[in-house]
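Undergrad: Residue strings, one per chain:
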Amino acid sequence: MSEHVTATYRVNSEGRTIAHPAHHTLLEVLREACGLTGTKHGCELGECGTCTVLIDGEPQLSCLVLAREVEGAAIDTVEGLEGRDLHPLQKTFADLGAAQCGYCTPGILMAAKALIERKPTPTRADVCEALSGNLCRCTGYIKIIEAVEWAAALCRGESGARPADASLYGVCKEKPHG
Amino acid sequence: MKKDKTHKLKLGYKGDVKEVEITLPDDEPRPFDMTSKLDIMGKRHQKVDAVMKVTGRAKYTHDMKPAGMLFGGFVRCPHAKANLQSIDMDKLAKSPGVKAVVDAETLRMPTTIRYAGQPVAALAAESRQALEEAIRNADVSYEVLPHAARVDQATAADAPQVHGNRGNVRAGRDPRQLAEVNAALNSGKLKVAEVVARTQVQTHSCLETHGTAAQWNGEHLTIWTSTQATFGVRGQLARGLGVSESNITVIGEFMGGGFGSKFGAGYWSLAAARLAKKAGAPVKIMLDRREDQTDTGNRPDSIQDMKMGVDGDGKIAAYSVSNTGTPGIGRGASVTNPMIYDIPRDMTASRRGEVATNAGGAQAFRAPGHPQGSFGLETVMDLAAEKAGIDPVEFRLRNDSNFVRQQQYKEGAKKIGWADRKKNGAATGRFRTGYGVAAAKWGGTGGPRAEVLCRITNDGSIEVRNGAQDLGVGTRTLLAVVAGEELGIDPSQIKTAIGNTNDPIGPGSGGSRTAASIAPAARQAAFLVGRELKALVAQHLNCEADDLVTKGGKVSSLTDGKKSMSFKDACRLIRQGDISAVGKRVRNWRDATYMNGVAGAQFAKVTVDCDFGIVKVDKLVALQDCGLVINRLTAEGQVFGGMIQGLSYALFEERHMDRHLGHMINSDLEMYKIAGPADMPEMEVVLYDVANGANNCSVAGIGEPTMIPTAAAIAGAVHNATGVRVTSIPMTPDKVLMALEEGGK
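The listed protein sequences derive, respectively, from chains A and B. Its first residue numbered 1, the first sequence is counted upward by one per residue in this note's numbering. Its first residue numbered 1001, the second sequence is counted upward by one per residue in this note's numbering.
It should be emphasised that the hints constitute simulated quantities derived from the structure, not laboratory data. Because the structure is a prediction, the values reported are computed rather than measured. Heads up, the beta-carbon is just placed ideally off N, CA and C, and yes, glycines get one too. It is possible that part of the hints are untrue.
Claimed, not checked - Dumping the calculated DSBU-like pairs for lysine-lysine here, alpha-carbon to alpha-carbon at most 30 angstroms: (1) Lys-91/A / Lys-1619/B; (2) Lys-1043/B / Lys-91/A; (3) Lys-1315/B / Lys-119/A; (4) Lys-1043/B / Lys-119/A; (5) Lys-119/A / Lys-1008/B; (6) Lys-91/A / Lys-1495/B; (7) Lys-1315/B / Lys-1422/B; (8) Lys-91/A / Lys-1059/B; (9) Lys-1584/B / Lys-1008/B; (10) Lys-1551/B / Lys-91/A.
Unchecked claim - Sample of chain A residues with no beta-carbon within 10 angstroms of chain B, all distances over it, derived: (11) Leu-36; (12) Thr-39; (13) Gly-42; (14) Ile-55; (15) Thr-105; (16) Arg-118; (17) Pro-120; (18) Pro-122; (19) Val-127; (20) Leu-154; (21) Cys-155; (22) Ser-159.
To be verified - Part of the chain B face toward chain A, derived, beta carbon under 8 angstroms: (23) Val-1054; (24) Asp-1063; (25) Gly-1257; (26) Leu-1633; (27) Ile-1644; (28) His-1663; (29) Asn-1666; (30) Asp-1668.
So that you can see chain A by itself, here it is in the shape it has in the complex (with noise of 0.2 angstroms):
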């Protein structure tokens, strides 16, 4: 049998005291011992970035963090995101249909999580780098970046055009039949 280790950590602000393998990474903990399957197991390889968790505000693979080296450390899943409300980029991403299957979503929003809060007005190219871990096979990104972007302006108390009436991007038009 492997080792156990018993350790307290802080998921979403609550303490959490759990008992597991001591090789178990914060994936395996986040998902089996904590029961939070938000976040995503797609590669385990550190590759797609389904995994994303916050530590200590900074975007990190799950699959790649020895969960005991994290013993204290604020930690963020998706979980988390929603306070009384849904946050901003939560709605934004629903309203805009940043989500198709939704597998890639709850990694793609704690990136971005981290961006909008270090840096309140990114460029296009900001979000696109501060993305440009996790992978997304059907939504297709457009409306991903769409959706920080206007998540940004509403965090930053600007009521912000929904991106699809005013799009400098991915601009789609009504073509009404007949």
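Following the hints, position chain B against chain A.
TA: Relative to the frame of chain A, chain B by itself:
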């Protein structure tokens, strides 16, 4: 008694209207056409499950953990060709923590190994660590044989045979018109373009890997699986396990990408079910990333050898094409070429062959055969246009009589800025800009079987249910939108359920069929429920039921404005419980329709860095016939997604097989590169709402056609920018530089 009712419909697209009469049973609503005033359908609607997805509450198969669950996996052969000589199943079963093992024979897997990574045994253990240790320590011996993992190896003289002694190459048969076509091409009267185009093997690379959790409760089996076909999986498991379908429930409420690779139950589902039975505990098998990239299917590669002859009017007069594709150990590598254009059938000679290799087998992949066929065909089209001295858009206008695509070529050319396009190769300097165009055609109007249950309760609630799955494109939302349109209720107020085979049957999500199959059944179900409700209201308000409409949350008389009540109040008239009805998808109406395939065209603008051979796509424009749009938000999403996958196919993705070991070298998501956020161009989507009249919603599926022309349009733009044709995708810098060098540019 069913009575027939005759409807006069206006079908088509502006500028090409067809008036038809259709007689339908009175339990079918009047089909939506160009005159239908739709309040809800065709507008933008947030997905009803969007909040589940952005909060992490959506549960995928990988998130399932029934109590007492074991972790399942496979012992796999590391050799590309071998005979399994022995495997110590006792030792495997006695490994620490292992609870059940199943051998290859029980899983009906061959013991002749034909590709690296083929499973030879399955096992379930109490932890992933125990599972991995048992796999590592498994005692297996193989007779290792020479392999042919690559096409060049498989087609070499005295190549190792992939399938017994069947021969690796299945050559296409020469068509009878070959001599005539060749004579025309060689006559000197036609301008002839000649080219060999090549496309690569593409893997689906779904972010959620393939996998299944299985749990027995007595004789009943519950399966959670990441699937594109809940009912298909149920049928395959029933046959594979010898269990009746009524004893199996397949659940797939959320899934993380499929693109064609998740139709079947897969050996992992059969293994999970057998292991769970043996262990007396639930078993979950999720393939890891490497297993997923090598052993769950791919888009076959292709070699397309083409000659196209153009007459003095700029019309294609003769076409010869010989295709071969490589399905690995699978079947079905055929390339769809020719397609779309008006190439005279008696002057087309096409041959299709296949080459078997010792590599993971092909599976359906978003528009099987088409993106590769499009790359080949549009390559020779552009070269033929160049030979004939005709602009590529003009050449397509002359050779494509489809009315909708004619509009799309013209509109797309304006949107991309085609007027700024210089002649091929006229650009100079390090960064050169070019423009390209390509077209798409698809079926995608769905059909039986699909049944949808609609229920309204006396508290005013509405529920719509179907057992098919959602690939993420918005199937749940579609049910709510269509029922909402019929009943005059906002979709956000409607409860929906999908992804469970205990609910009414739905299609597998392939051929862009899901929306087009389910939507008409949903509409019929809501229509039938609404009709019953109207009968109650008619009695209450003392009017005729035929005079009532359900619109804007009310049931109101068309002729007497005073006779109206809210939908909620109307539901209170339901004395006991609820009203429910099952809508059944009938076959598409063939005669009275406006259909000649689902039409699409795409345009690309690129900049090529001629010092480094890097292609940057600046802009893509997609013009896509969608039938009548159900939800504009999700329809656009489908088009964006298709274009991005096409861009990724054009520039980055390629499976590499090692010549010596016969392994896929880049079986991960780092070395198998898919497009990322920084690769995104500016994109514009124009949806063409074509009232096709094929079914009561005039809906058409668009999952697949939107990926077909992207790579070809980008290749055309690279050609225009550089003056040389890159005839092979992905158009990586090495190929671009080589083409520039060879072309003296």
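Undergrad: All hints, please: hold or fail.
TA: Against the structure, the hints come out as follows:
Taking the CA atoms of Lys-91/A and Lys-1619/B, the gap is about 28 angstroms. The hint holds against a cut of 30 angstroms. The suggested pairing of Lys-1043/B with Lys-91/A holds, with an alpha-carbon distance near 19 angstroms, which does not exceed 30 angstroms. Restraint check for Lys-1315/B and Lys-119/A: the C-alpha separation of about 57 angstroms exceeds 30 angstroms, so the hint is violated. Only pairs whose Cα atoms come within 30 angstroms are accepted, and Lys-1043/B paired with Lys-119/A is rejected, the gap being roughly 35 angstroms.
With a C-alpha separation of about 59 angstroms, the suggested pairing of Lys-119/A with Lys-1008/B is violated against the 30 angstroms cut-off. Taking the CA atoms of Lys-91/A and Lys-1495/B, the gap is near 21 angstroms; set against the 30 angstroms cutoff, the hint holds. Of the pairs offered as hints, the one joining Lys-1315/B and Lys-1422/B holds, with about 23 angstroms between alpha carbons and a cut-off of 30 angstroms not exceeded. Under the criterion of a C-alpha separation no larger than 30 angstroms, the hint pairing Lys-91/A with Lys-1059/B is consistent with the structure, at around 20 angstroms.
The hinted pair formed by Lys-1584/B and Lys-1008/B meets the criterion: a straight-line CA distance of about 23 angstroms does not exceed 30 angstroms. Distance restraint check for Lys-1551/B and Lys-91/A: the Cα-Cα separation of roughly 29 angstroms lies within the 30 angstroms cut-off, and the hinted pair is therefore satisfied. At roughly 8 angstroms from the closest C-beta of chain B, the C-beta of Leu-36/A falls inside 10 angstroms, breaking its exclusion from the interface. A cut-off of 10 angstroms between C-beta atoms contradicts the statement that Thr-39/A is not in contact with chain B; the least separation is 7 angstroms.
Interface exclusion of Gly-42/A from chain B breaks down, the closest Cβ pair being 5 angstroms apart, not more than 10 angstroms. Separation of Ile-55/A from chain B is adequate, the least Cβ-Cβ distance of about 17 angstroms exceeding the 10 angstroms criterion. At roughly 5 angstroms, the least C-beta separation between Thr-105/A and chain B is not larger than 10 angstroms, which violates its mark as non-interface. Interface exclusion of Arg-118/A from chain B stands, the closest Cβ pair being 17 angstroms apart, more than 10 angstroms.
Against chain B, the non-interface label of Pro-120/A holds: every CB pair exceeds 10 angstroms, the least being about 19 angstroms. At roughly 12 angstroms from the closest C-beta of chain B, the C-beta of Pro-122/A stays outside 10 angstroms, upholding its exclusion from the interface. Remark: the non-interface label on Val-127/A conflicts with the geometry, its nearest Cβ contact in chain B lying 7 angstroms away (cut-off 10 angstroms). With a cut of 10 angstroms on Cβ distances, Leu-154/A stays outside the contact zone with chain B, its closest approach being about 14 angstroms.
At the 10 angstroms boundary, the C-beta of Cys-155/A stays outside the reach of chain B, the nearest C-beta of that chain being 15 angstroms off. Residue-level check passed: Ser-159/A sits 18 angstroms from the nearest beta carbon of chain B, beyond 10 angstroms. At a threshold of 8 angstroms, the smallest CB-CB gap from Val-1054/B to chain A is about 4 angstroms, leaving the interface hint in force. Hint on Asp-1063/B holds. Least Cβ distance to chain A is approximately 4 angstroms, under the 8 angstroms limit.
Against a cut-off of 8 angstroms between C-beta atoms, the interface hint on Gly-1257/B holds, since the closest Cβ of chain A lies about 5 angstroms away. For the restraint placing Leu-1633/B at the interface with chain A, the shortest Cβ-Cβ distance is roughly 5 angstroms, inside the 8 angstroms limit, so the hint holds. Because the closest C-beta pair between Ile-1644/B and chain A is about 3 angstroms apart, less than 8 angstroms, the hint holds. Taking 8 angstroms as the C-beta contact cut-off toward chain A, the hint placing His-1663/B at the interface is violated, the least distance being around 16 angstroms.
A distance limit of 8 angstroms between C-beta atoms decides the matter here; for Asn-1666/B the minimum to chain A is near 11 angstroms, and the interface restraint is violated. A distance limit of 8 angstroms between C-beta atoms decides the matter here; for Asp-1668/B the minimum to chain A is near 6 angstroms, and the interface restraint holds.
Checked against the numbered hints given earlier, the structure breaks hints 3, 4, 5, 11, 12, 13, 15, 19, 28 and 29 and satisfies all the rest.
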